[in-house]
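Engineer: Let the sequences and hints guide you as you build the complete structure.
Protein chains: 4
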Amino acid sequence: MMIDTSLVAGENETRTADLKRDYETLGERLDRRGVSIDAIKAKVAAYGVAVPSWGVGTGGTRFARFPGKGEPRHIFDKLEDCSVIQQLTRATPNVSLHIPWDKADPAELKAKASSLGLGFDAMNSNTFQDQDGQPLSYKFGSLSHTDAGTRRQAVEHNLECIEIGKAIGSRALTIWIGDGSNFPGQANFTRQFERYLDAAKAIYAELPDDWRLFTEHKMYEPAFYSTVVQDWGTNYMIAQELGEKAYCLVDLGHHAPNANIEMIVARLIQFGKLGGFHFNDSKYGDDDLDTGSVDPYRLFLVFNELVDAETRKAPGFDPAHMLDQSHNVTDPIESLMVSAMEVQRAYAQALLVDRSALEGFQDTNDALMATTTLKTAFRTDVEPILAMARLENGGAIDPVAAYRSAGYRQKVAEIRPEVSGAGGGIV
Amino acid sequence: MMIDTSLVAGENETRTADLKRDYETLGERLDRRGVSIDAIKAKVAAYGVAVPSWGVGTGGTRFARFPGKGEPRHIFDKLEDCSVIQQLTRATPNVSLHIPWDKADPAELKAKASSLGLGFDAMNSNTFQDQDGQPLSYKFGSLSHTDAGTRRQAVEHNLECIEIGKAIGSRALTIWIGDGSNFPGQANFTRQFERYLDAAKAIYAELPDDWRLFTEHKMYEPAFYSTVVQDWGTNYMIAQELGEKAYCLVDLGHHAPNANIEMIVARLIQFGKLGGFHFNDSKYGDDDLDTGSVDPYRLFLVFNELVDAETRKAPGFDPAHMLDQSHNVTDPIESLMVSAMEVQRAYAQALLVDRSALEGFQDTNDALMATTTLKTAFRTDVEPILAMARLENGGAIDPVAAYRSAGYRQKVAEIRPEVSGAGGGIV
Amino acid sequence: MMIDTSLVAGENETRTADLKRDYETLGERLDRRGVSIDAIKAKVAAYGVAVPSWGVGTGGTRFARFPGKGEPRHIFDKLEDCSVIQQLTRATPNVSLHIPWDKADPAELKAKASSLGLGFDAMNSNTFQDQDGQPLSYKFGSLSHTDAGTRRQAVEHNLECIEIGKAIGSRALTIWIGDGSNFPGQANFTRQFERYLDAAKAIYAELPDDWRLFTEHKMYEPAFYSTVVQDWGTNYMIAQELGEKAYCLVDLGHHAPNANIEMIVARLIQFGKLGGFHFNDSKYGDDDLDTGSVDPYRLFLVFNELVDAETRKAPGFDPAHMLDQSHNVTDPIESLMVSAMEVQRAYAQALLVDRSALEGFQDTNDALMATTTLKTAFRTDVEPILAMARLENGGAIDPVAAYRSAGYRQKVAEIRPEVSGAGGGIV
Amino acid sequence: MMIDTSLVAGENETRTADLKRDYETLGERLDRRGVSIDAIKAKVAAYGVAVPSWGVGTGGTRFARFPGKGEPRHIFDKLEDCSVIQQLTRATPNVSLHIPWDKADPAELKAKASSLGLGFDAMNSNTFQDQDGQPLSYKFGSLSHTDAGTRRQAVEHNLECIEIGKAIGSRALTIWIGDGSNFPGQANFTRQFERYLDAAKAIYAELPDDWRLFTEHKMYEPAFYSTVVQDWGTNYMIAQELGEKAYCLVDLGHHAPNANIEMIVARLIQFGKLGGFHFNDSKYGDDDLDTGSVDPYRLFLVFNELVDAETRKAPGFDPAHMLDQSHNVTDPIESLMVSAMEVQRAYAQALLVDRSALEGFQDTNDALMATTTLKTAFRTDVEPILAMARLENGGAIDPVAAYRSAGYRQKVAEIRPEVSGAGGGIV
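Protein chains in written order, with numbering that gives the first Met the number 0: chain A, 0 to 426; chain B, 0 to 426; chain C, 0 to 426; chain D, 0 to 426.
Treat the hints as calculated values from the structure; they're not laboratory data.
Treat the numbers as computed from the prediction; the structure is a model and nothing was measured.
It is possible that part of the hints are untrue.
Identical chains share a label here; the pair holds if one copy fits it or two copies do between them.
In silico lysine-lysine, DSSO-like type, Cα no more than 27 angstroms apart, as pairs [claimed, not checked]:
1) K244 / K272
2) K272 / K200
3) K165 / K42
4) K200 / K312
Structural biologist: Structural data, given as structure tokens:
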């Protein structure tokens, strides 16, 4: 444990009486609605969201990056930071790696994670940047590049990610590419997509039987006129073309303005192709803001679809959950803790929806009572449920308070050298 | 002919010398680029876009409708107006009917159209409004309604449209519905879509072998939280579920802000599911503005995809073209004439693209020259080509001038009674 | 009272014990945060939002309107419906009239309202529709029309609204126009705005000293290329040009996609020009959905600005509050009751923000704790506070349940004749 | 001259005959419209747009930057690249510097520019990045930072920019800041804007009498929940608060989706506060794509406003013009040349608008002919005018062809060392 357990215990002690009282009175109210608070708590306690290794470093924009103190130097530092999040929230048992950023000896990775009580989630490949010494550039694309050699290089990088993943116990590969175009006419949409599909099939062919392949769509950025996998429609085509182990990944910030994301989620579930999520929030584009920080009701509505599918046992429904955010002005550990709890919060709220009443209102077109049924669940303050689940799982009632009290950031800042500000892409 | 041909001839006479001169000098310039102006003209001359019967009436908004003078009273007036458009532009040989708005004896419809030199395009059903005496309301949906009887009524209306279409020589049915929801929770997305698919299959089952079924997606309006066929992804699922006679219709104004529409067109062509277009333009939403009036380059980029598919003979490529606009502040006949010419203009410009040079620039990632290749075609003023095609086909060099000179609107205004202003949906 | 008070009392009786218990335990929790629940309740109890007379009729879109049962026939029916909302929620003491829709003898209006315990809020003029017998059409604009006579007619209509308002005790005039253009070039932006300013000044010149003039901006619809008062920037220019009695009205649905509305509110407060609100919610455009139904956190963030201004006693801060929604698929009375309560909910949540802690976090750039401070207030379930305020004010603990139990809609449906479905503006 | 003039002459020679012929036949057609081609050419020839020093380096995104060959190492290399653009296009006589990126001895700067035939445009300050050794960080803001010392540092940096500008002959300062917030509640909008205004006033106070201050608004990025100068409304407030030397700068990519930018331009002209432009194009956000590459008609509509103001001699109308783009996949010199010509093209097209006819159509609400008047001008292929102006001014008929033929990039690549790919802000 990276943080002294007695410190956490001490922090919890000051909050336990109030929590018990709040849990009890909330339980009483839920009881009146016919809901068992303990059953909700049990589900929440069993619910985890993966943390991305790169999320524990301070993010940036094309204009600038302003590093914080005690930035992790490498994947082993990152794993330690991730373990703090898991220790205090008990909501993030797994870490998702990004290759080549996190490249290291698989045995060492596994040993380190294991010692910290962490597992590994999906592997993420990177063909949107050039690495030192890389023979062919991705400036004009990777899996969909006009040059066959560049496509092959990108395919092989993905195969390497699978190999590393196999060695450390991962079971999924996530592909997100920056391919697209910045000018009308720069790329032929059709031939570009054909090339993409060919390359994706080459990766899929090497996917182990018990793995899943997640492809991720994004409307724009880094390409600013068109992207190859621009929306869920194209993403769905890909999953269909590749086969039954191929699924669509939904990043909440990768859609057009005003898009009804919960509906996209419903469609993918209905057709058996929802692979999972990259959670974050956005106001303008792929802002990568903290999950639930801008539009918490939208997050709830997504979880309303997930709990609906879970309840009716939708065939093949088993989405992967991961946070994917850029922490530019906060301590990344704090943001990831709060975000993991926001995911649990939305899940708990969605579990509170009276689904049989909802179905009745839907069938009779009682729109007002249908939406009120959702709102009633959403506005229930489920914090006592989340906190009690954490407490009972060995976490902190108030993870941010415990983290600050422990002085973790200051401690690692003494070990990890200061990083100077790095300019963004514009210079 | 609704307009005196000698009047048109007289109008043309005053413009012919200049046109010939401009056609000649443009031909000279195109020749230098290796393009035969006559070949382009021949293609343009053979290119038509259907006119919607409802387009010749003044449109409105939910706030108000401000009728013009001489509004058509019924489908026979509308056909006369449509024939004026065709007479002067020679670009709109077919009319698309909307049932029940245009319901009439099929034999009379056919005779009238035939006498005016018009044919019939796709049939359009209407289950987004309640008609007088209609047993069940579409307030809460039609093909996806929770009530089986209402769905059946909507299916049967579509079957009736097919019957009428068969009688008048149509070969396609276009379905656009207003179904959706205004509140989160009002509808269960999954069950609603299941119901839609069932109903659509019931219609498809009765589709004649030589017909096509077009389904149309729309992001919002009249439903304002969700729509059943919200985007091309769902539309594509429908076409796949229904079968090989089912295709996706693209209305240029039905997308999310910033959507890359030309790319959606390319994807649907690639997967053999592009059914056709409802042309118009938009700045904010489904504004139904005149085609090419706000973003003419976007229209060109759509046609760039169409000509690309035509050139490489994409399998099954045979899209239907129709205008679908709301003329709130102009004479609808004038707007439809100008819009039909804008469609031809975009087509002519797209034909000018040097596709072999473009392919070379694409293959070598010469983005600047690739986009310049498109721009060079786009900025060519092809008006002499369009005008010469009209002249040689018996139309007007300047259709708007000829129309105004003929005083058609004033003449029908004497016959057709004045319509008083109708309030929109808000009161 | 339109609804039998004993029925309301009976409904309340079944819910009082639970409410007291919930109020008590919430009070306990707030006490721990240093907040007095009674003080919050008192503020909520004193907080009202005006109801628009037109809101009690079923709304529609340009495609269709689907009337409900028992639609109000005239302003006196509308006032009765409004009084039901006030009786059950105690949150809507005033009604806002729209002229000429609500034109009637002022003395009768006043007497009727008074007998129902209602007052009158801002007057709304209508120059976006043509009325029967109106000499000059607003098809091409009203206050900014190119024709001086039409502008004068529009000015005079507004002056008439002021006269009516004076007679019934209103103190404000709200101007929203549909003026704009549908085509690039249709209007000269500059001259059009000059004409608008001249006309607005002519109205302002006749405004009584104790009145306020509210102008409302809107990005688009019914004009679809440009609108004269397109955003808050132009609205602010107008308020500056007119004088100190002129203020900007903010309708939550009238902005560009992704706009940060709470920030616009803050800017207008800071420069002393926030006149008030038209509350509703939107997902795509001016959807006129029920307040708080799509993005309740955004509504809270707006109220966070209002409470901030209230707390620091911002000079001249005194915004008017009104609901402005279109109820297409619900009983309008139910939607307005729920929406009025959503406004109160947002206000109550905003009152719970620990403003001194927030200021501290802001000053030290502790973004995470600052936003958590807002979230903590937002996720507090304040329903017991709202319900207790209603109960103590003579309203219903659960207004929708009481309303349904009273069978009001069925009763008026027996008196008020059925209205047949009216087509929207497209036909 | 960086490129051998005989090479340019040779390139031109092969194109001169065709150009003369095209210029002649276009002149003939314009003559028929009552337009003198030579008068248009003269205006175009006198029309310049500034080039940003940073534009000649390859841009990037937060994901990656893929440098090209022969990247400029410092401001003196950049000035040489800029001079190539000017030599071939004769459209970019001035360069705009960014401090501290371009910091150098003013005398050397001036001498170098002078030797290359270049002048200096507006100075740009940078308080959105931290520089090595900078005492206080801009992580949480600059001119609006909560810390007075940080604000002072930012003010002083701007004053230094003025000093440098005075030394090299600049006459304007452009301020764009990244200040804002990423979380609701992170910043108090009102106090943040008060701080901004105070700091801006401190800069304004030191502005030389013959200088102008340009402030630039931007909806989002790098701040993703709110920005201090989020739109033109706030920008206008700033210009009003500061005084008569303060003006608003409009960057075409800094607006909300669907915003009518030409209307914003008209409003700022009308109220005497349009300072100038940063030209580029965008499809999704601040994409910084090449000017006119995505929506050339929008660019034309902006110039339609500028020519309208020029024609009617709007008081105080004297906007500054600059390109501001990010060239991620093209040779920056080529992109800047093409973009400068696109600016000239839009200007030439706008000059062709028959303004007296337009005014007539506007006054009579003939929307169709009004918009056709604009379209007729827009679709005129003015390339012969631009090319002739270049030729007569000593530039190249086809600047891209001449540039490629000269092999400039290969030559500088031999001198300037290869730059390795730099990761973006996310790592």
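Engineer: Each of the hints needs a verdict: does it hold here or not?
Structural biologist: To see whether the hints hold, each was checked on the structure:
Both within a single protomer and between protomers do K244 and K272 lie at most 27 angstroms apart by alpha-carbon distance, with minima of 9 angstroms and 25 angstroms respectively. Proximity of K272 and K200 under a CA criterion of 27 angstroms is satisfied in both settings, with 17 angstroms inside one chain copy and 22 angstroms between copies. In this homomeric assembly, K165 and K42 never come within 27 angstroms of each other (Cα to Cα): the closest approach is 29 angstroms inside a single copy and 58 angstroms across copies. In the homo-oligomer, the alpha carbons of K200 and K312 lie at most 27 angstroms apart only across protomers (26 angstroms), although the nearest pairing inside one protomer, at 30 angstroms, exceeds that limit.
Hint 3 from the list above is the single one not met by this structure.
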